Structure formats: C-alpha cells, structure tokens
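Participant: Take the sequences, apply the hints, and build the full model.
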Amino acid sequence: MIAALLLFIALQVTPELRQHVEAGLKAKASGDLDTATQEFRLVARMAPGLAPAWVNLGAVYLARKDYADAVPALRKALELNSNLPGAEQMLGTALLAQGFAAEAIPNLEKAQADDLLGVALLESGRPRDAVEHLEAALLKRPGDPDLLYYLGQAHLRLSTDAFESIRRNNPQSPRTEQLLAEEMRNSGNAKAAQLHFRAALALRPDLRGIHYALGDLYLSSGDYEKAETEFRAETKLAPGSAPAAWKLGSVLLNRGQVADAISELKRADMLQPSMPETLLELGKAYNAAGQSAEAEKCLKQVIAQEATGPLAQAAHFQLSQAYRKLKRDADAEHELSLFREMKGRESGTNETAARP
Amino acid sequence: MRRVLQAGVCAAIACIAFPGPPLEPFSAGSLDFEHRNSPTAQKYLIETMGGGVALFDYNNDGLLDVFLVNGGKLDDPQRLPADYRRGDPQYWNRLYRQNRDGSFTDVTETAGLSHAGNNYGMGVAVGDYDNDGYEDLYVTAFGRNTLYHNNRNGAFTDVTQEAGVSGAGWSVSAGFFDYDNDGRLDLFVARYLDWDFSRNLLCGAPFHAYCRPDKYQGSTNLLFHNEGGGRFRDVSKASGIAAVRGKGMGVAFNDYDSDGLPDIFVSNDGMEQFLFHNKGNGKFEERAVEAGVAYSEDGKTCAGMGVAFADYDNDGLPDIAVTDLALEKYALYRNHGAGQFSYQTLASGLAALTAQSSGWGVALQDFDNDGWKDLFIAQGHVLDNIERINSGLHYREAPALLRNSAGRFERVNLGPQPEIAGRGLAVGDLNNDGALDAVVAVLGGRPLILRSAPNTNHWLTLKLIGTRSNRDGIGARVSAGKQWAYCTTSGSYLSASDPRVHFGLGSEARSTVEILWPSGRRQRIPDLAADRIVTVKEPE
Numbered sequence: 001m002i003a004a005l006l007l008f009i010a011l012q013v014t015p016e017l018r019q020h021v022e023a024g025l026k027a028k029a030s031g032d033l034d035t036a037t038q039e040f041r042l043v044a045r046m047a048p049g050l051a052p053a054w055v056n057l058g059a060v061y062l063a064r065k066d067y068a069d070a071v072p073a074l075r076k077a078l079e080l081n082s083n084l085p086g087a088e089q090m091l092g093t094a095l096l097a098q099g100f101a102a103e104a105i106p107n108l109e110k111a112q113a114d115d116l117l118g119v120a121l122l123e124s125g126r127p128r129d130a131v132e133h134l135e136a137a138l139l140k141r142p143g144d145p146d147l148l149y150y151l152g153q154a155h156l157r158l159s160t161d162a163f164e165s166i167r168r169n170n171p172q173s174p175r176t177e178q179l180l181a182e183e184m185r186n187s188g189n190a191k192a193a194q195l196h197f198r199a200a201l202a203l204r205p206d207l208r209g210i211h212y213a214l215g216d217l218y219l220s221s222g223d224y225e226k227a228e229t230e231f232r233a234e235t236k237l238a239p240g241s242a243p244a245a246w247k248l249g250s251v252l253l254n255r256g257q258v259a260d261a262i263s264e265l266k267r268a269d270m271l272q273p274s275m276p277e278t279l280l281e282l283g284k285a286y287n288a289a290g291q292s293a294e295a296e297k298c299l300k301q302v303i304a305q306e307a308t309g310p311l312a313q314a315a316h317f318q319l320s321q322a323y324r325k326l327k328r329d330a331d332a333e334h335e336l337s338l339f340r341e342m343k344g345r346e347s348g349t350n351e352t353a354a355r356p
Numbered sequence: 001m002r003r004v005l006q007a008g009v010c011a012a013i014a015c016i017a018f019p020g021p022p023l024e025p026f027s028a029g030s031l032d033f034e035h036r037n038s039p040t041a042q043k044y045l046i047e048t049m050g051g052g053v054a055l056f057d058y059n060n061d062g063l064l065d066v067f068l069v070n071g072g073k074l075d076d077p078q079r080l081p082a083d084y085r086r087g088d089p090q091y092w093n094r095l096y097r098q099n100r101d102g103s104f105t106d107v108t109e110t111a112g113l114s115h116a117g118n119n120y121g122m123g124v125a126v127g128d129y130d131n132d133g134y135e136d137l138y139v140t141a142f143g144r145n146t147l148y149h150n151n152r153n154g155a156f157t158d159v160t161q162e163a164g165v166s167g168a169g170w171s172v173s174a175g176f177f178d179y180d181n182d183g184r185l186d187l188f189v190a191r192y193l194d195w196d197f198s199r200n201l202l203c204g205a206p207f208h209a210y211c212r213p214d215k216y217q218g219s220t221n222l223l224f225h226n227e228g229g230g231r232f233r234d235v236s237k238a239s240g241i242a243a244v245r246g247k248g249m250g251v252a253f254n255d256y257d258s259d260g261l262p263d264i265f266v267s268n269d270g271m272e273q274f275l276f277h278n279k280g281n282g283k284f285e286e287r288a289v290e291a292g293v294a295y296s297e298d299g300k301t302c303a304g305m306g307v308a309f310a311d312y313d314n315d316g317l318p319d320i321a322v323t324d325l326a327l328e329k330y331a332l333y334r335n336h337g338a339g340q341f342s343y344q345t346l347a348s349g350l351a352a353l354t355a356q357s358s359g360w361g362v363a364l365q366d367f368d369n370d371g372w373k374d375l376f377i378a379q380g381h382v383l384d385n386i387e388r389i390n391s392g393l394h395y396r397e398a399p400a401l402l403r404n405s406a407g408r409f410e411r412v413n414l415g416p417q418p419e420i421a422g423r424g425l426a427v428g429d430l431n432n433d434g435a436l437d438a439v440v441a442v443l444g445g446r447p448l449i450l451r452s453a454p455n456t457n458h459w460l461t462l463k464l465i466g467t468r469s470n471r472d473g474i475g476a477r478v479s480a481g482k483q484w485a486y487c488t489t490s491g492s493y494l495s496a497s498d499p500r501v502h503f504g505l506g507s508e509a510r511s512t513v514e515i516l517w518p519s520g521r522r523q524r525i526p527d528l529a530a531d532r533i534v535t536v537k538e539p540e
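Chains A and B, in that order, give the protein sequences. The first sequence: position 59 = 59 (the numbering used here), numbered continuously. The second sequence: position 24 = 24 (the numbering used here), numbered continuously.
The set of hints was computed from the structure by calculation and includes no laboratory data. Predicted model, so just to flag it, every value in this text is computed and none were measured. There may be inaccurate statements among the hints.
Quick list of in silico lysine-lysine cross-link-like pairs, BS3-like style, CA-CA up to 25 Å [to be verified]:
{"id": "1", "chain 1": "A", "residue 1": "LYS325", "chain 2": "B", "residue 2": "LYS300"}
{"id": "2", "chain 1": "B", "residue 1": "LYS300", "chain 2": "A", "residue 2": "LYS327"}
{"id": "3", "chain 1": "A", "residue 1": "LYS343", "chain 2": "B", "residue 2": "LYS300"}
{"id": "4", "chain 1": "B", "residue 1": "LYS215", "chain 2": "A", "residue 2": "LYS343"}
{"id": "5", "chain 1": "A", "residue 1": "LYS300", "chain 2": "B", "residue 2": "LYS300"}
{"id": "6", "chain 1": "A", "residue 1": "LYS327", "chain 2": "B", "residue 2": "LYS279"}
Facilitator: And the structure:
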C-alpha cells in the first residue's frame, strides 16, 4: 500500500496507468490476486523504470506465495531504488521461503527483521547468531511458538555441535563415554548406557552426575539396592547436590530405612528449600514413621506450591492418610475428596506399569 | 543354620528360620500337566492370564490332590464362533490324585473332568457347597463357568445348569465363603474385562504387545447365594456387589472389621482395588478408598493381580497383600482396626524387594514355622516381550519367598529355581509333614511343585469340620497363642489352597487353640500338643 501511494506521488501518471494501478489495488484488496497480478504486470510493462511498479508486482506475487516470481520483481525494484521501504524484507522473505537462507540474510539484515533473520541464520548454519536475533524477536513477541521453536532448534544445534566436537577431538575422553551413555539411555538401551557410564567413571572417578545417572537407570528397572549405592556415591562426590540427596532419601524410603530416609530428605530440603518433590517424599517418610503432624507440614507445603498435577494429587492423598492417623476425620475426608476430584480429572491416564 | 531372636513366638527362645533352601522344586514325574494358552500374533488378552491350581483332598484320604486348569485352543486369528477344542486331551483340565508314596495319578477321566465344555479355562475355587463332606469344584473361564459336584465316589458331575452359576463373560478368580453365616457356602466370582475376540485391539508399536486394561471397559463381579438343595441365586445386584464395575483378578475373604461377617477384597487391574464391606443384611458396600486399601502411597492405582488377606503382624487383624506389575511394588496394607489400613510397602521393606518383579498368585503363610507368616509369590510379567520395552525387566521369573521377620520382609535364597511365567499359586501341606508346600501354575508350561523341608520348629495344623457352620469351617477365625488365621481356600490368583489352618509355633511344643466358628460358637482347646494335624469338629 505504501509503495502504491509512492507510485501515485512519483508519477506523472497517465490516466490509463492510473486506471490500471487503481484496478490492481482494488483487486488485491478484494483478494482477487489473479486480476491484481495482471494489472500490476501491465503497470510494470507500461512503466518499467518505476521501482514502485515492481514492488507492487512483487508484493502481489508474495501474497500468492509465488516466491519464484516475486524475487526478480523485488530485485528489479531494489535495483531501481535501493531505499524502497518494505522491499528488502519482502525479498528476504521470498528468498527464505524458497530455502535460499544465506541469500536472504543481507536483505533481512537491512530490514532489521529479527524474526526472519534468526530463522535465516539458523538455516544457513549460524545458530549462535540466530540465537541473538531470535531472542530479540521474542522480546517483541513473547511466547510466540514459532520463535520459541526456532530458538530451541538453535540451542539444540549448538549443543549438538559442542558434543560432536568433544567426540571428534577427544574420542577416548570420559565426556565422550558420558555422551554415548546418554544416547543409549535416551534410546532405551539401559544396559549399554550402564557400560558407557561405567567407562566414564573408570576414566574419571570424580565426574559428577555419572553416579546420579546410573542411579536413575537402576531406579527405572526397580533395582533399589544398586540405585542406593550410586546415589550414595553421588552425594559423596557432590554433598551440595539437592537432587542427589532427594533421590537417595527416596530410595532409602523404598528400602524401608525410614529414619535414614527422613534424615537424607531433610538434608535435601536444606540444600534446596521447598522443592516440592523433596517435600512430598519427606511427607511420605514421616507418614511411614507415624509422625503424622510432621507429614502434614511437608504435604501442605507441597500443595501450596503445586495446586494441581501429580504432586498435588499425591500430597492430598498422603495428607488424608496423615489426618486419619491424627483422628481428624473431617480433614481426612476433605483431602480425600480433593484427591478424588483430581483423580477423576486425570482418569484414563497412563501410570507406572510398563505396558504399551 | 540361622538362628534369630525376635518378637512373638520366638521372643525368648531361639527358633529356626529357613535353615536350608526352604522350598525345593519337586519332580512329580507322573504329574505331567502342560498348560496350553495358545499364544497368537493377535495378542488376545486371555492368552496371558491363565491358569489356576487347586490343592484339595477330593477323596478324603488325607492327602492333598492337585487340580490344574487348562486354557484352550485359539486360532490365529480366531474364527468365530470359537472352538477351544477342550475335548482334545491336550486341552483338558486335569485332576491328579496323590498316592501314599507322594506320586500322582492322573484321574481326570475317571473323575469325569475330562471335557470342560467350550470355554477357555482360567481358575478354580474349592468348597463343600452341599455340606456332604466332600469338596466340590468351581472352574472359571472366558465363557461358561462350571460347577462340579463331588459324587463321593471319586467322580464329579457338572451341575452348573441346575445350580444356576454358569456366569458369563470373562471370569477369573472365584471363591466359596458363607457371607450370611447360614451354614451354606456362597460363591463369589471376580470378572475381568468386557472383552471378546471381535473387539480385540492390537497395541504397541513397532511391535505388538498385550493391551493395557484401560483399553477396555471393566465388568461387574458375581455373587451367588447358596439357597440349599444344590441351587444358587444370583444376588450380584441385590447385594450391591454389581453396583461397581471393576477389572477383577484376585479375590480373598476375611473379616477385616471383626464384626463376625466375612468381607471381600478384589484386586483390580489398573484401577483402584475393591473392599466390599459386609453390612450383615445381605448387602455389601465398596469401601476401599475409605479404608485406605484402594491405592498406593501416592494415590496411584496398580495392576492388582493376586491377593492375600491374612494377619502378617500377629495383631489379630487381617492385613492385605496385593501383587502387581514390575515397578509398581507389591502393596501391603496393614490393618489398624476400626476399619482402617495403612500402606506398609515402604516401611516393611517390601518395596525394594518387589519393585523389579511382577506377581500373581500370593500367599501369606508361615513357611518356616517360626510364628510369622511369610510371603510366597508366583511371578512373571504379563507381557511376553517385556524385555523389548524395558531391558531391566523379565517375562520369566523365579517365584519369591519373602521371610517375615517380625513385620519386616527379607528375601530368602531359594537356591536354583526355574524362571517361569508363574500365574496361579496354591499352598498346602502335600506330604503332611508340617511344612507347607506350594504348587505354581505356569502359563504355557508345566506346573512347578515346591516342597518344604521341615525344620525343628513346631507346628500345628487344624482340619475343621463345621456342624452348625458350613462343613469346611470356612470363615472360622482361629488363634494359636498370639497368632490368628482365617479358614479359607480362597485368595492368591485363580487358585484354591489347602483348607486346613496351619500354624508355625517356633519353639513352642504346645499351644492353646481358640476357634470362633462362623455360627458364632466359640471353642477352646487348651494345651494342644504340637507337630500334628488335628481334626476339630464344631460343637453341636
């Protein structure tokens, strides 16, 4: 539309040309892109030296998603006038839409179109630069799913590149073994993952996170004894790790070592206060130890932080058990009804059993 | 040899707990049953659920006999109407009579049990429903169930039609109990899914596996009231049992609130468990959530399979153990009285012992006679390709014996045991030596017989004969010292166990026995010498 106005201003317009421009604009506005294309082609033919004529034609092609024809029209416009507003962005868009990401970058840079530029940079193999522009674009359009998707892809590319670099340059390193283990774990091959994690530890026994990952692997097959060994080793290496303390406490609880579980879970809560996962386990442990009043405190904190979801549901259920033991039947009933309400909402969802 | 000091029977004097391998595989060559489940590429759910086993003395010769339920032939895919070819001997249920030398003789044909009708067999219940002194059989199936009356001459007669207990759909575990204490055994049948071949789904990608139960609607359970004269009346609706739809697998009876009326626990697969409270007016009310036995500690459902309903902590109140699938941990609910239970899987140490295993038949019985009821479990995953889904889990597993040490459980090394797809489990003293034995029904395989070696602990086994109560004495609460037991053949999964009440007495050579009969009559037998089987008749 801006280009159309410029066309009128710039022209010593002949009545015939004016007639075609108006018809083209009218057709475009009404969505009749075929007529608009015909009219602007005619205008460009009648006034081939007028940049706005080509911009209008390029814009109609763009509207038709006819990117191949849009590119020469917009290039012609920029040849004639390199300062035409909107033409750079349109040309960049048309090029990017056809996969010519690297070619689109100069146009999009000139147009300062952070969003499309971020995509073009990502697609042309420059994820680090892409991150900067996509984050700038997200400031203008927070939460935009397309931008978030491309930003995620950019970070993924960066991490993949970093991991590839480790593998290429340090194939025998503990980090390479760790990477292989994580790949195996993610593809469901727990046994191979264990072997690579063990290899990583053999090369560097003090590598933090490996015992934790091994503990998780053992947990996934229900082997609490081995999981305990690994989480203990992790807490020794990283005494400040709240997640390791939480997992160790949880395993101890499942092994029936309730007093030790309480002690470890309290430590996890001190390291990272108010983590709802820790508080829920601690509440369960207190309930198992018959310390219902202590359980109540923890479980109420869980619910204060997580009003909905599986943690809240479990906390309401545990709380009902605690109130039963405290002979607070009305409170127990209330918690049970909240639990049932939540359970009703999630009925039919998958739970823990390993079945397809 | 291991000696422990513990509370209860072994409080003051050392007693023996599992001195050697406590249960050893026993080869009864003549017991040549092979369960045939006919696995198909269609992954029909019924293929992976059977079958059951019963230990009962059908000819009253004092020796336990073995009845095993077979599956049937399935086509791949199944042609309809289905013909399970139960007339073919390889698909027969089988009855094996135990001989004096511990061997078995296949008496299926002479007992009239060779043709099970056109159904796919599941489980078995045992009870003397007509109080004639001979145990009768009820066999469940996908399709028509069958009640076999024991003719007292070594043969049985199919009386299903006259009795009115054929049921329909997919029946799984069943049990006889006398819910109204009228002296006649009633019949409860747990039913699983509303499933048939035409609605079978193929689940899993890129390879197929048996579907989760949540892909299908559940079913209502059945309750038949024994009217006498060989007839039963379907009271499922009138009693309130059919008011809730479940996915029933196991069933067990006990009086959890000590009101003198038997209650019913049904383990459900993939949903909350059911506890039917007997209101005493012919009606039941489902109260599992209120009682605290419906869910795990997180309020999660589990794939409930088998159930044991017995007093594991010797406090006189029956507790509940439920087996389920790997990663769920077998559930143990401790009865605190006043109708309330708490989840004890964590505190009892059971969680870590069972998280990797999938359990089916289960028994809470004292296998080492130390005065504490241990847990014995038939194991094996429901999915025959579970290793492809989680390489840390296993389809075939050895059975597990978890020793009860004053309320905490620990694994007992059973020595070399075959890895099997265990399903049904029945427990009883096969050779009357005072040490409990077990028979595990194996899906698609031969049953596993495990014989106990007696230790020096004392024991006492009571065979009850009801007079005013039902003839089997089912539902009687029996105490020996500080221990309590409930007379039943039910529980476990698909199976029926020795009706005799067994106590391990540790170092006690004598015990005073008290019986609260279902009729309400109390009987006290002081200072009974241990290490024998005693027949106790209810006073007239």
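Participant: So, for every hint listed, does it hold in this structure?
Facilitator: To see whether the hints hold, each was checked on the structure:
| no. | hint | result |
| --- | --- | --- |
| 1 | LYS325/A with LYS300/B | holds (20 Å) |
| 2 | LYS300/B with LYS327/A | holds (23 Å) |
| 3 | LYS343/A with LYS300/B | holds (9 Å) |
| 4 | LYS215/B with LYS343/A | holds (18 Å) |
| 5 | LYS300/A with LYS300/B | holds (19 Å) |
| 6 | LYS327/A with LYS279/B | holds (24 Å) |
Checked against the numbered hints listed earlier, the structure breaks none of them; every hint is satisfied.
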